Amino acid sequence: MAIIEVRKLHLQFGGLVAVNELSFEIPENIVMSVIGPNGAGKTSLFNMLSGFYQPTRGEIIFNGTNIIGRKPSQITGLGMARTFQNLRVFPNLTVLENVMAGMHTRTKQGIIGALLQTPAQKKEEEWIHNVAMDCIRFVGIEPYTHRRAKNLPYGAQRYLEIARALAIQPKILFLDEPAAGFTFNEKQDLIDLIHRIRETYSIPVVLIEHDMGLINQVSEKILVLNYGQKLAEGTPSEVLNNPLVIEAYLGKEEEDLVI
Amino acid sequence: MEKVVEKTLNQSTSRGLPGINRKLLYVGFLIIAMLLPFFSGPYWLDVGFLAVFYVVLGLGLNIVVGYAGLLDLGYSAFFAVGAYTTGILMTQFHMNFWITMLLGGLLALIVGVIVGAPTLRLRSDYLAIVTLGFGEIVRISAKNFSFTGGASGIYGILSPFPKPQMVNGIMINNLSYCYWLILLLAIITMIASKRLTQSRMGRSWAYIREDEDAAEAMGINRTRSKLAAYAIGAMFGGLAGSVFAIKMTAIAPESFNFMQSVMILLAVILGGVGRISGVVIGAVLVIIIPELLRDLDKVMHMGINFDQYRFLIFGIALIFLMIFRPQGIVPDKEVEE
Amino acid sequence: MGLHLTTDMFVQQLVNALIIGSFYALIALGYSMVYGIIKLLNFAHGDLFMFGAFIGYTVLAKLTGTGSSLLGILIAFLIAMLVTGFLGMGIERMAYRPLLKAPRLSILITAVGMSLFLENGVMAAYGAKPYIMPVTLPTAAFSFLGTKITYSQIGIIVLSALLMVALQLFIHKTIYGKAMRAIAIDQTACSLVGINVKKVISLTFFVGSALAAAAGMMNATYYGNITFMMGFIFGLKAFTAAVIGGIGNIQGAVLGGLTLGVLETFGTLVIGSEWKDVFAFLILILLLVLKPTGILGEKVTERM
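Note that the protein sequences, when read in sequence, are chains A, B and C. Just so we're aligned, residue 1018 is where the first sequence starts under our numbering, counting upward by one. Just so we're aligned, residue -7 is where the second sequence starts under our numbering, counting upward by one. Just so we're aligned, residue 283 is where the third sequence starts under our numbering, counting upward by one.
Worth flagging that the hints you see were computed from the coordinates, not collected in a lab. Careful: at least some of the hints might be erroneous.
Now the in silico label distances, taken between C-beta atoms and shown as ranges [claimed, not checked]: (1) C:Val293 <-> B:Glu283: 51 to 61 angstroms; (2) C:Val447 <-> B:Val291: 57 to 67 angstroms; (3) B:Ile102 <-> C:Gly409: 41 to 51 angstroms.
It should be emphasised that the depicted structure is a prediction, and the values quoted were computed from it without experimental measurement. All residues carry an ideal CB built from backbone N, CA and C; glycine is no exception.
Kindly generate the complete structure, drawing on both the sequences and the hints.
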């Protein structure tokens, strides 16, 4: 049973085709990677999945619902969480405040509760605080809890984004280049984290990544894109031995291939 | 991930004054403020009223501009709604003031929702001009319609308070009671603002201010969130307007013009947009400084009528603040690790 | 009031509409150009219209008695355009340029402050009472379809049109104009290619301000009086015109200006002149809510 089904997704800006009639599935409970040379359409795909871009045509079925045309906030409400390629933490807010943002869709107290400080409001605030702290501890950035996000080391900021996404208590997690700029050790930590996310939350995790080693260690399924089209889809051994995939990488940008 | 943390972090946030002393300072100010009618003459009590009135308006606008990050150049429209509601209902329908005050706040809130719902999704520049347009529409409509009294406005609004009486040799009259009422409203607004910042709604405004798209990705419906801020800000403006009506006993459209909106904005910006203490100080300064300059002129006989330069100075102040000290003139109390 | 429009009334109102529309268009051009190049709605732009009128007044007041009044008007006109152009450049340099990297709110608030500064600065220098222009346009007229049209009216319309055509040529034929359009599309790419972005931005402000001053001067000599607040409402309406045509779009500004002139002139016949301003604001708000791209332009809602 696929949690997400992408059908003939097409994104075109004028004459430029970013994603070309793409169809694939994301099965439940899996770690899947989306790879491809730069400009292959990976982040455009993520942006369409999360509602930031509207495709020219095509469908995205998330748990049975076609989410085309919905705003990102609605899609998040349905249980989709994502991180950003270029790190979009809330820089001047503390780690705790950042992570609490994830709880927004799970909670409902509004102005009245805020002004009157009702018992329901207080209970909800406590719950938000607890879940946020759980997520912060889970990814391991507890020492930074009250520090402003912009003052965190780079790696901690990346983990902060993940903690924030986990606070949404999502049904699926999208990570856009979560290991960008990481050292080898940091990447090992990340692999650990992804495994722990799978064990603890039992949700599918989909990543965009360039590091083949990391992808190989962590993925159960790989989708390869090139020029906005599906080049290959399957298990790591299937995909990484696919001659088309090898040609796409070795024949084009060698820098993308990091072993 | 613990391995990434290299040193224990010193997380003390030191403030300008230790917590207990700050509270004492606030209580001190509050007591002085409450006793103002007893030791100041009518002129300065009037100034005091205006200053506290501006505190309320400033805090209301602060929710819109400071918390939600929306540039509102037509905020005086909401205070007009409150004032006219009270004025009309009391003079035409002889309603009880307190009911009109509630209705004034409520009506301002509703107007805020009606205006905000279609317009808050606009970009900040356009929103600014639209709010200005809205402010002008309200003012011009008040001037043109007969039920709002046309250009001369509404007059003869009666005081709901006890008749003037002498207490220990001091005259306690409508002005005194209105002052206490606006002071109470100011305190309520301050508490409300504080509670809002520490709530889910307040956080959603912070997220939107920091990064709109990331906020959207967190599931925050930006328009609804902004609308809440705009409506609450409107409500406080309306409530303040009602009190204004009974203090002045007469209201006219020209009290609610663009310059008024700008002055309220200046009060918010001057002290430090977003911070309650900043707004309070800014509001007081905006009212007090022209008074002090006027006194200065009397004392020094410079023959300069500072009053006519008031807005010129305000304009320059806004420019300088934005370029050189956008965080406002009140020093930042918090020091991070 | 019943709307009983005879041919001569229609022609008369049409001329009025074209004149006021031209003024809106000239000011709207400045809004659109500046918006196109640095994505800022220069809140103080309308006040440059007023400033131009006051410079014109000052020059004329000094020149009274110098030969033919038309020559005097022309000199005042040119000086007003030049001085205001430089003022616009100065404002950009001093108040806006330092804030281009700051949060949006900062530059908007600065623009509001600048508007106050200009309005009250002029008030401080000249006083709050309206000033009567020392020369007026000749009233020689000709008959057309039952009504009198003065040569001055035609002159204003023609002169405005000439200015707009000159601008079009400037933007499409000169290297600066091309740079302006390029910067509007991608500022970073332009600086990488060697375009002196700062200079072009300055020039944009100069041209936009000069056009506003031209409108101000024409307005002053046509209607005969000036006040320090005249830029406020004109600015807002010119902004409305720019939005009608599509903000950022030069032809749109002209189209929008004329459209607003016509709508306003004929609209007030129906609803009365005390609602004139409200009418324009309502058009603005409705437009931004329902069709923000205007007739020819780009998106104004938050980027998604």
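Status of each hint after checking the structure:
1. C:Val293 <-> B:Glu283: 51 to 61 angstroms: With a Cβ separation near 56 angstroms, Val293 of chain C and Glu283 of chain B satisfy 51 to 61 angstroms, so the hint holds.
2. C:Val447 <-> B:Val291: 57 to 67 angstroms: Between Val447 of chain C and Val291 of chain B, where Cβ atoms are some 60 angstroms apart, the hint holds.
3. B:Ile102 <-> C:Gly409: 41 to 51 angstroms: holds (42 angstroms)
Violation of the numbered hints given earlier is absent; every hint is satisfied by the structure.
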